[in-house]
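**Student:** Letter by letter, the chains look like this.
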Amino acid sequence: MFKNYFKIAIRTLLKHKGYSFLNIFGLAVGITCASLIFLWVEDELSFNTNFDKQDQVFYVPTNQQYEGEWRTFYSTPGPLAQDLKNEIPGIIRATRSSPQESLFTVGDNAIIRRGRYVDADFLEIFSLNFIEGDRANAFNNPEAIVLTQEVAEQLFGKEEKALGKIVRINDKDNYSVTGVIENLPKNITFKFDWVAPFERYQEGEDWMQFYGNNFSDTFVELSPEVDFATVDAKVRQLVQQKDENSNTYAFLHSIKDWHLRSKFEGGKIIGGRISYIQLFIIVAFVILLIACINFMNLSTARSERRANEVGVRKAMGSSRGRLIAQFISEAVILSSIATLVSLILLAILLPQFNQIIGKNLTLGLSQPLHIISLVGVAIICGLLAGLYPAFYLSSFKPVEVLKGLKITENSAVFIRKGLVVGQFTISIVFIITTILVYQQIQHAKSRELGLDKDQLLSMPIDEDFIPNFDLVQQELIRTGSVENATLCNSELLSGGNNGSGYRWKGGTDTEDVLISSRNVTESFFETTGMEIIEGRGFSTNVEADSSNVMISESLAKMMGDTDPIGNIIIRGDNEMTVIGVVKDYVYGNMYEASDPVLFMHFPSYARHMFIKTKEGVPLDKALADIEAIMNKHNPAYPFEYTFIDEAFDAKFKNEQLIGELSQIFAILAIFISCLGLFGLATYTAEKRRKEIGVRKVLGASITAIVKLLSKDFLKLVLISIVIAIPIAWYYIQNWLQDYSYRIDINWWVFIIAGLLAIVIAMFTVSFQAIRAAIANPAKSLKTE
Amino acid sequence: MNTKLLSLNLASRTVNSGSNKVTLLDKIDLQVNEGEFISLMGPSGSGKSTLLNCIGMLDSFTGGGYTFLGEPVHSMKEKNRSKLYKEYIGFVFQAYHLIDELTVLENIETPLLYKNIKSSERKALVADMLDRFNIVGKKDLFPSQLSGGQQQLVGIARALISKPRLILADEPTGNLNSKQGEEIMELFSELNKEGVTIIQATHSESNAAYASRIIHLLDGKIISE
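If you read the protein sequences in the order shown, they are chains H and X.
Quick note on numbering: the first sequence equals residues 1 to 784 in the UniProt record's numbering.
Quick note on numbering: the second sequence equals residues 1 to 225 in the UniProt record's numbering.
Honestly, the hints are just simulated from the structure, not real lab data.
Using N, Cα and C, we set each Cβ at its ideal position, and we do this for glycine too.
Incorrect hints may have been included.
If you only want the chain X side, here are some residues facing chain H, beta carbon under 7 Å, derived [stated by the list, open to error]:
no.	residue
1	Gln94
2	Glu101
3	Pro111
4	Tyr210
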């Protein structure tokens with residue numbers, strides 16, 4: 001029986017090549033699109049799941065209260081890890097962890113790599129796999145360092161064993177390699193190229209050993225037997241037990257949630273990346289649905305062609321069930337072909353898709369899950385697309401269809417129109433959201449930053465470089481390629497150091513304001529293009545400025561009406577005099593108002609140098625000049641730099657990705673919908689050939705006929721617009737709530753999207769309409 | 001051989017057209033014995049096709065009684081009814097109604113598929129039929145590659161394949177030229193001689209004459225026999 005169905009299906013496909021192409025291609029595009037999304041989702045869901053102890057390992061973030069609001073940070077007090085392990089039963093391992101970028105030198109070989117200072121438990125908690133050395137003994141002495149295989153090979157070559165060799169770090173200290181671990185998988189949230197004992201990191205930094213300063217990450221491992229809630233409750237109390245005045249409490253956050261559910265508001269998880277994942281899964285199914293709708297519509301629209309067969313088969317003794325089975329098998333066969341076609345499309349498109357999402361996804365056809373999913377998609381699409389037409393077609397009465405009576409297809413027409421409206425509604429929603437997401441990104445990007453990010457370079461430096469800075473600055477400026485240079489303790493656009501407990505004379509209740517602090521040279525404001533709006537900048541004399549600070553505008557506002565210049569800011573025993581006010585600038589989260597900033601003239605804590613190149617000087621020349629000087633004064637370090645404007649763009653990576661993906665989906669949705677519309681238009685034109693012929697003979701103009709044929713479709717698109725607008729508005733309004741710096745939704749966006757849909761739909765339909773309208777009526781009438 | 005094949009007892013068929021009730025068949029009384037060859041005659045709209053469809057169970061009477069091989073069709077469930085006609089009735093249509101996407105062989109085979117007959121047996125039966133109708137050479141052609149007469153031959157072969165006791169033919173020669181028509185009628189006579197009961201609807205006096213019994217219909221009533 002199935003063989004018979006199969007034969008009929010293939011022959012029907014071949015007989016109506018045009019329609020088959022529309023069906024298969026539309027479905028294949030839909031399946032391709034859904035597969036890309038599923039591959040992406042699979043990758044996202046796999047994050048942090050490749051640790052052996054993923055169920056027992058927890059990140060320990062802290063909630064800190066500022067100005068009455070709970071804010072969540074991953075930074076914790078230094079002693080927390082040890083206290084958690086010692087005092088809370090059920091926590092069997094705990095580690096501190098602080099990221100650091102360091103220079104590695106072996107002979108002439110010098111590279112800068114990011115790594116982490118951690119406690120020995122770290123190696124167990126994350127089950128690091130040792131190729132050389134072993135977990136138990138790797139951290140036996142404080143000079144130890146464990147490298148990933150990749151870094152070990154870069155430093156010592158592929159052939160050489162790294163174990164026991166000496167590496168010079170930051171051109172200052174020697175570390176001895178006590179282990180080489182396998183490279184980390186790509187899908188983990190933190191990346192590191194090396195780990196070294198935390199003891200070394202905190203040498204001479206006594207503040208790290210007390211509560212009150214939050215700086216380090218903390219990870220713990222729970223015993224498999226304990227109850228999470230009990231342990232978590234105890235963790236929440238610990239910081240306050242140790243430090244009565246603390247505004248902080250710690251809690252447990254599963255590393256499985258780390259990647260996808262790490263957006264906090266008011267101290268609670270409110271989602272995170274997972275909401276995009278869920279959204280895109282819905283999008284995948286919606287696009288499949290759009291593609292399936294094409295099949296349904298073309299099948300029922302062209303039902304007259306199959307009606308005769310249905311009649312004959314019924315007269316030959318077929319039951320309705322068998323006909324349903326036949327039509328569904330046909331749909332499944334068709335969707336299977338579409339799935340095979342989509343494999344080809346996937347192979348072609350995956351590299352481009354990888355580029356957009358910045359991942360390295362593969363089809364992975366050797367994985368049973370992928371094969372099962374493909375077969376599943378083929379069957380689901382077949383059923384989805386075939387079910388309704390099967391029931392519809394098999395309902396024909398043989399007496400009527402065999403007599404050639406017109407099938408009364410009122411219900412089918414209604415459903416068909418409804419489905420077209422559905423397709424276009426979705427497409428228009430996609431178009432509107434694409435435009436608005438794009439606007440929001442542009443809006444945030446073009447926001448008044450309070451600094452000039454262009455032609456600004458950033459490079460890492462260490463403390464040995466700082467005494468040379470004045471000389472380097474002079475030499476840089478002398479090349480004629482550089483406008484100015486400055487030092488700072490944190491990257492320009494990142495959150496950096498912050499703290500609370502600041503008061504000012506005359507102010508009350510200000511100790512719980514979270515204020516960022518920046519240690520800079522006097523050239524900082526000129527180099528970064530920040531504007532001093534009141535008072536003066538720092539002098540060239542660091543000593544003279546030792547108790548002077550500059551503050552940002554928002555901090556000045558907090559001081560109230562009093563003139564901030566000359567005011568005293570107090571923290572602990574420290575008194576600082578405000579000498580200048582700087583216009584607010586945006587750092588950290590690009591969509592929020594940034595926290596107030598306090599600038600201190602204290603370059604010894606600097607870790608970054610910013611260099612502003614001169615306008616009009618070609619970049620290569622400027623870079624060559626800078627490199628020459630850096631090689632002279634900082635010879636141990638390779639010449640590495642980043643551009644601030646690129647760092648700025650990178651801050652929008654997530655939104656940019658959402659924007660690009662929704663653009664792709666909008667194009668695909670409307671493309672697939674138009675394939676269907678094209679099919680329907682072709683069919684309508686075919687069916688109304690005689691009518692068109694008669695009308696032309698009676699004197700109808702070509703325009704009148706094109707209008708006649710397009711009118712019905714235009715109506716459907718208009719209805720879609722009306723339905724789509726509130727849906728899109730509601731959705732995008734919700735999305736924008738996440739951003740405090742956001743666009744107002746403009747009504748003209750809806751008009752543009754609607755017009756776009758109309759133009760595209762009419763272009764699709766008019767092709768067939770015009771063809772029908774210019775056909776010779778004599779021909780079309782003769783064949784009747 | 002005077003076994004009764006079917007009998008109609010005041011059988012009617014009405015349809016609702018808007019608010020009007022239209023009577024297509026009006027209290028038909030008819031007995032058909034096995035081995036008969038009946039021609040239904042009458043102008044267009046007289047109810048010939050409706051009567052054939054109702055006898056063939058593609059359509060059903062709305063009043064009166066219909067007994068087929070002693071079983072009351074009018075009170076039967078759809079499932080049993082379909083079993084009955086699948087088993088005993090074959091159809092031949094004016095427009096042949098072959099399935100365009102199937103070859104001659106596959107078209108003839110189709111009824112057997114619906115009777116769940118095994119593949120080997122199907123092949124044998126179809127081969128016999130092709131042989132008998134002298135169309136072995138055309139078995140792999142599609143309907144569109146055949147002349148009208150040849151298509152109707154295939155249509156008859158398909159009707160016969162399930163060894164029906166009754167063949168219902170609605171204007172079987174209506175789309176054929178007179179020579180082809182004659183050939184089909186000769187074939188019907190032959191089949192009838194072999195024992196198959198045939199009821200055909202026709203406009204043509206000469207074709208009607210092949211039958212052993214002619215029934216005239218007008219406005220849904222039998223007016224003469």
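**Student:** A separate judgement is required for each hint: does it hold in the structure or not?
**Tutor:** Here's how the hints hold up against the structure:
Annotation: interface hint on X:Gln94 violated; nearest CB of chain H at approximately 9 Å, more than 7 Å. Interface restraint check for X:Glu101: the shortest CB-CB distance to chain H comes to about 4 Å, inside 7 Å, so the restraint holds. Because the smallest distance between the Cβ of X:Pro111 and any Cβ of chain H comes to about 4 Å, under 7 Å, the interface hint for this residue holds. Annotation: interface hint on X:Tyr210 violated; nearest CB of chain H at approximately 23 Å, more than 7 Å.
Of the numbered hints given earlier, the model fails hints 1, 4; all others are met.
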